[in-house]
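K.L.:
Whole structure, please, built from the sequences with the hints as guidance.
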Amino acid sequence: VILAHHWRGAGEALKERISAQRAGEYALRISTYADAITSFERALALVPETTVDNEARRHLEADLLMKLGEALLYHGAYDAAAIRLEKALTLFRALGEDSRTAQVLNLLGEGAWRQGEYAQARQFVSDGLTIGRRIDEKASIARSLNRLGMVDVDEGDYVNAEQHFEASLEIAKVTNNLAERATAINNLGIVAYSQGSYERAIEFFEETAEICRASGERRKVASALLNLGSVAGVQGNLEGATLYFEDALAICRSIGERRGIALALDNLGYAASLRKDYDRALTYFEESLTLARAIGDRQRIATILLNMGHVAKDRAGSASARDYFLQALHQAHVIHATPTMLEILIGLAEIEADHVRALSWLGMVQNHAATTDAVKSQIDALIATLKGLLPADMLEHGLGEGAQANLETVIEELLREHSDAS
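Quick note: the numbering used here has the sequence shown finishing at residue 525, numbered continuously throughout.
Just so you know, nobody snuck in bad clues.
Within a straight-line C-alpha distance of at most 30 angstroms, the following computed DSS-like cross-link-like pairs (lysine-lysine) qualify: (1) K379 x K479; (2) K276 x K241; (3) K416 x K479; (4) K490 x K479; (5) K416 x K490; (6) K490 x K379; (7) K190 x K118; (8) K379 x K416; (9) K190 x K241.
Just so you know, these hints were derived from the structure itself, not from any lab. Model, not experiment: these values are computed from the prediction.
P.N.:
Okay, structure coming up:
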């Protein structure tokens, strides 16, 4: 950046553009996204006056637009990122640059995934995978498989997710691609965590953190720390979880990774709520919610509202909690986030005055393919409580009815009731 300023003062536009581009690439590599954005924007502005050849100019513009889009994406500026990436995609397609086209499609897919647009994300990434396979570019294939797996995870399809991650890891090992290897290992940890295999998850996350520390990928270090904190929390080690989350928050703040900041704050709020420090929990949740709304992270918005519902349930009673839960359900339903919807139904069941209706929801969640072992444990505890309140035949009827229920039908009914009440 200093060198770019020097050349700007000297009136050396070409040297300034080259220096700005290099500064942006370095900032992107070390995850200082705000600096990367500034540098790439300056480099782009200098392209017309520093590149005479039309073909060379189009290549350079496409490359800088893609890198600027990537920096904006990880900074949490999703709309701005999409605009740049779409422009880069158009240029690369016109130039016949298949490898770069696939790269941009993967980034567009990640942006859609981060906003909960799962069908769109799957389409972008699948298109990128098709190109990667056609040109036999292993790194591109591994990247696409990882991103498809994350869509699977958020839609509750853990079998396909694991298959995608294993396939990506195999390619990354063969090609010695450390970045994709770390991503696949981290993602396998997420699948293990979702299925209740906590010790296995810890091994995956610790290996990820080790690889990413060595390579300087601080965003991925923060992600691994957040995941380790989640495991510590579910195992009852709230102090350890809080330390992991605080470390991750510090990293994300230092690199300007707004999605990571929102996630760390949400997790800190959740840990505080488990300690029954509700005021602190709400402070974290409100800051996280504001940031998640600012960057359009709808999956995070749904999760935060769910967590705020649990705090309201414990502090203010069922009316306030129900409103939070139903707001969360609306967000999760829009983006087809099945695992989140299932968790919200458990929260609603806890405060539902009609115990038979609550049991039917629990029975449905208990039998759903996307329900994790951790969630099933929650259901078992709730059913045990309801056993003391209902006759055995009524209990059995409610659970049996739920086992046959359709998730979409139940969700639409609840949202319609909420809309009518509003």
